[in-house]
Amino acid sequence: MSLRCLTLAGSLLLAGALAFGAQPTVSWKLFPDSASSQSAKAETGKVDFLNACAVCHAAEPDRPGTMSLQFKYAGRLPAALEQRTDLTSEIVTYYVRHGIAMMPSFRKTELSDAQVAAIAAYLSRKGK
Amino acid sequence: MRTVPGISSADFAAAVAEWQGAVGKEWVFTSDEDLDPYRDSYSPIRDEKTERHASAAVAPASVEEVQAVVRIANRRRIPLYPISTGRNLTYGGSAPVYSGSVILDLKRMNRILEVSEKNACALVEPGVSYFDLYRHIRENKLKLWIDCPDPGWGSPLGNALDHGAGYTNTPFRDHFDAHCGMEVVLADGEVLRTGMGALPGAQTWQQFKYGMGPIVDGLFAQSNFGVVTKMGFWLMPQPETALLATVAAPRYRDGVRFCDTLISLIYEDVLKSQTQVVSPVLMGPPDAELGPLLHRWDEGRESALDAYAQRKGLPFWTAPVALYGPQSVVRAQWAYVKERFSAITGATFSEDASYTFPLTDEQVGKVIDKTRLGIPNLAYFASRSAPDAPPLEGHMDFSPIVPMDGKVIVSALDLFAKACQELGINPLGGRPLFYHTRTATLIYAIPVGRDPAANKKAREAFAKLMDIGAAHGWGEYRIHPEFMDKGVGYYSFNNHALLRFQEKLKDAADPNGILSAGRYGIWPKHLRDTAR
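Going line by line, the protein sequences match chains P and H. The opening position of the first sequence corresponds to residue 149 in this note's numbering, with each subsequent residue numbered one higher. The opening position of the second sequence corresponds to residue 48 in this note's numbering, with each subsequent residue numbered one higher.
Please keep in mind that the hints were generated in silico from the structure rather than gathered at the bench. Any given hint could be a false lead.
[To be verified] Footprint (simulated), chain P over chain H, 3 or more residues, beta carbon under 8 Å:
(1) 145 to 156
(2) 428 to 434
[To be verified] Straight-line alpha carbon distances no greater than 30 Å define the calculated DSSO-like cross-link-like pairs of lysine-lysine that follow:
(3) H:Lys465 <-> H:Lys256
(4) H:Lys413 <-> H:Lys465
(5) P:Lys220 <-> H:Lys504
(6) P:Lys256 <-> H:Lys96
(7) H:Lys72 <-> P:Lys256
[Claimed, not checked] Negatives, chain P to chain H, calculated, CB over 12 Å:
(8) Ile239
(9) Thr257
(10) Arg273
Idealized CB from N, CA, C, for every residue including glycine.
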């Protein structure tokens, strides 16, 4: 599939990317777990999030999920999921298994129930 | 438990029990909750009666387990539908072509079996993603590049088997062309290896494609003759440098010459990477002034659009140019590209970015056009790209193959633009991409989503565009299951002799018709008259 041909998405994504570029909160890596710290390994949900979700949802310039939510919420809620304080485990689990908009559903062979539970726990943890 | 067409509940339950014994109970899925994620996330028939659903899913972890699963299905004549990462979105995703099939989910087979820096090749299993392979190469500091399509979550094996393509140099960009050697499980459970893989002790499985005798690899792409469990790929050696640049021309009437100059440079092998023709005027997004101009088809269209471009300071045509290699060679190639395009009055050039490899993690993060450097990502998968834009929920791509001829390409752009206006659709894209080696592919992404009425309109428009293309001799290179029979139907020389031959092969290689029934129009004998 080629989405490079999507003129609208492509041209405006760059504008969104530049807008996000000012405040990165995670040091950039496609797969931060590939050189993960011991503390990150201790947080299973965080590692699973970085592995499976960050490529779309990290607080980074070219992450489509974060950019979409930035436009959707327009500042009413944080666009990066790790910065949200209103997420519940049930909501996270639902969207992982069912998808929404351009985000597809994720099968158990991609993310086990235990991994989804850990990600949900990480994103819905209190005291962020 | 769901049901399989033509199979009794007792037989299906018995098969499920046998599969559980073969792969483990936790890797056989039969509940609605577990099967819902196998739906096609970008389906143009979502929630309609004709939506294609899986009856179950089985996820083996090894070729031996694949053999066991296939043998059970073959004995009980239960249809299977293999997927690799299941991310062939736009082209069906992880849903079967024949509703009620059991998904053979190969995602757990995710081993990178070999990457050779010396011979610039890899051998991977179906569940390996572009992200996985990139990470492996980067972690091991190998001086190799992968070639990836826009979405990095897909599988090199799966993408190649659906004739996908990417962005770097030939021959790596045409992913099936870049493969070298396969391992395949046949419908009776037997395993074969193609090319040099058939020779015990050969050390050249990923170096020499032909082996000896007929080359059968093509039978396993866009088809249903076997389950590919391993696939080798040639990789691009990491270049010393890269230059990403843009060429542009100012007027509508420059289009033919602009395309022909690109085409000439491609044939001369000066431009080895993927390029495409982009018109900031024709391909939007249009503002309030441009919108009405694009609907003009009278004699004043050209001058009005030229005047608009001039007022806005926009080039009429642009094309990205990516050059890889030693710096001196890249500079010489770029100088030659500029020399050739300078024959177009008013042509302009920009150097957008240059890189020396390897890149640090920080440098990788700052690369905007990552796929041109073989870095997988999902940057183009935003649902929303503007504050007030409706969310994109999916799309199916109309992608006719047209000749490498500027006059034909420009006329095709006008033809389909006018057709889309008449059909009342606004597809995204519509750029001629020089994807495969010697053709241009026009890709129109037609949005689909959760609104049945909008989906119906999109499907009707898609079918009409296919008819228009076929009337000019332009068939699609790849297609969503909803249109596979129609798309294959155009390839009808001598009363569909090609398809009839494929059906003979199907009947011989898979007499019970258990593998991917209906994929790319190839139906097993027992469904040929009813399911098509």
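Here is how each hint holds up against the structure:
no. : hint                  : result
1   : 145 to 156            : holds (count 3)
2   : 428 to 434            : holds (count 7)
3   : H:Lys465 <-> H:Lys256 : 44 Å, violated
4   : H:Lys413 <-> H:Lys465 : 39 Å, violated
5   : P:Lys220 <-> H:Lys504 : 26 Å, holds
6   : P:Lys256 <-> H:Lys96  : 26 Å, holds
7   : H:Lys72 <-> P:Lys256  : 13 Å, holds
8   : Ile239                : 17 Å, holds
9   : Thr257                : 4 Å, violated
10  : Arg273                : 25 Å, holds
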